[in-house]
Amino acid sequence: MTRPAIWLDGVTVEARGRPILRDVSLTVEPGERVALIGPNGAGKSTLLRVVAGVLGANAGRVELGGVPVTSMDRTAVARRLAVVPQQTALPFSMRVEEVVALGRLPHEDALRGARPADRAAVAAAIDRVGLGHLLGRDARELSLGERQLVLLALAVAQAAPTLLLDEPTVHLDLRHQVEAMELMRDLNERDGTTLVAVLHDLALASHFFPRLVLLDHGRLVGDGTPAEVLTDERIGEVFGVAPALVRLAGGG
Amino acid sequence: MTSGAVTAGDTGARLRAAARGRGRRFWLVIGGVVVAVLGALLGVAFGSVPVPYGDTITIVADKLLGTHLSTADPSTAAIVWELRVPRVLLAMTVGAGLAVAGATFQGLLRNPLADPYVLGTASGAALGAAIGLLLPIHALFLGFGLANVLAFVGAVVSITVVYRLARVTGLAPLTGLLLTGYAVASLLAAGLTMAMYLSGAALREIFNYILGSFEQASWERLAGAVPVVLVGSILIGSRARTLNGLLLGEQAAAHLGVNVERERPLLLGLASLVTAAAVTVSGLIGFVGLVVPHIVRLLTGPNARAVIPISALWGANLLVYSDLAARVFGDIPVGVVTALIGAPFFLALLRRARTGYEL
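Residue numbers (the numbering used here), protein chains in the order written: chain A, 353 to 604; chain B, -2 to 356.
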């Protein structure tokens, strides 16, 4: 029997006395592809941080592959779980391939550094995300969308069985949004990578993800197929817009 | 995902070909060693008392190899062996230490303008060391060990204060850190001057300590600094993975397997330790930790595995030649020379930092 890739039980997180997540329970099996949706401030990014173990829960339990995340050291978590942040700041000039190579840090020997296998993984990740034309460029001079793809390539190079993405398409134009989604689907279906992505675009989420998890005010209020989760009633209730607007955008 | 993507082998080959610094690293190390050997020879051969090159070589050979080649009189031998050789070695040690500390602070604070001098860490160490040296303890070794310990305390306290204050200001991280560092450094330098003045130190002594000098170099000082700088730098080098992860920020570093909460105080402590050892024996020498890692990073890329050791090598070189220049200009403090090089460099960086820092 395989253990769930991600398992949350009654997770509550508070910041300055205000609840961010309330009693969230969630199971993600290995190989699943899950979109985390909900309005701004629903707790989606917080949920990712709790899963990644960089933020402690005030109550409840978080396990990765059956092991409590709080008992794992950071390297063990990083080998199991790659996280694609929305943005990051680089204090020094770095080339695209140097940024992507940081994805190999969890696999590196503390003293010897990168080995040939690491360099091969970096090259493969760059190809997979289609960044060959950006080699040698200063990552700080790229467009927001290009930088987002560089961070995605970094996570691919990390080669973890589970990938968490925080709005991976927010700065991308339409073509690149679709390409990024296709890449994610490919990583999931071909490589068996477990995917959890925070998405704002309900149309993209329903089109590319078989399972949606809906958060609202820190509570898990929907979990299932797009048709099950994005009912007219819920869209009006949670997002505060007419369902027709979502349907118009291609969702539901 | 892009159509017409090149094959993996192709990209791998292009990566290897384009990998910046692989060849450069090699030449930076080879060149650095050659320049260091040359600097050591010049540093030992040159001084206010002219010593023939032949004598210099035979005196050093006699000491190192136990031969009896030298025909120079004992006072000449003492000038070479008791003053010049330790002076050159001390300049190398301090230069290496300050460059490593600078590279560490820059990586840890994610600030290309950080260095022990700018952040006030060196001033904290200097105040601690001065208090230790001025306390009426006359046993040389004990007095020196105490100075080292107090310098370390001073360095840790000042970097902690600067770090904490910079985090709570409403200013941008770059500005906040620099302004806080400036204010703390000024305060500590004032305290240092006052402490030395009140203790009856001669003005030249105070001057030399505030501006940094190797005039007081000796084998004892060298023995006090070398082990700390060496061990501290090696330990920092062994945390290269942490420094590399922090290139992307603390949050991203945590996702890449870095235990930031544990590593940050460790690296701040090690950089403070190395700074303290350097400052105790030479006073306040500015900008070495700023200029050297910056240029090295430009040439090799930001990988700490290359930046730390190559910065150490070229930091040693910078101070050996700066000290040589300081002696040529009539024994001025070496900190004057490094400031002449470093301050314009700092201003140039500051000008670029405005557009280049935040992503």
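Certain hints may be false.
[Claimed, not checked] Here chain A is said to cover these stretches of chain B; the calculated rule only asks that three of the stretch's residues, wherever they fall, bring their Cβ under 8 Å from a Cβ of chain A: (1) 144 to 151; (2) 198 to 204; (3) 236 to 243; (4) 266 to 274.
[Claimed, not checked] Just a sample of chain B residues kept apart from chain A, beta carbon distances all over 10 Å, derived: (5) Leu12; (6) Gly44; (7) Tyr50; (8) Gly63; (9) Leu66; (10) Thr166; (11) Gly188; (12) Met191; (13) Pro224; (14) Leu253; (15) Leu263; (16) Leu295.
For the record, the hints were derived by calculation from the structure and aren't laboratory data.
Predicted model only: the values in this text are computed from it and were never measured.
All residues carry an ideal CB built from backbone N, CA and C; glycine is no exception.
Going through the hints against the structure:
no.: 1; hint: 144 to 151; verdict: violated (count 0)
no.: 2; hint: 198 to 204; verdict: violated (count 0)
no.: 3; hint: 236 to 243; verdict: holds (count 4)
no.: 4; hint: 266 to 274; verdict: violated (count 0)
no.: 5; hint: Leu12; verdict: violated, 5 Å
no.: 6; hint: Gly44; verdict: holds, 40 Å
no.: 7; hint: Tyr50; verdict: holds, 42 Å
no.: 8; hint: Gly63; verdict: holds, 37 Å
no.: 9; hint: Leu66; verdict: holds, 43 Å
no.: 10; hint: Thr166; verdict: holds, 18 Å
no.: 11; hint: Gly188; verdict: holds, 31 Å
no.: 12; hint: Met191; verdict: holds, 36 Å
no.: 13; hint: Pro224; verdict: holds, 21 Å
no.: 14; hint: Leu253; verdict: violated, 4 Å
no.: 15; hint: Leu263; verdict: holds, 14 Å
no.: 16; hint: Leu295; verdict: violated, 7 Å
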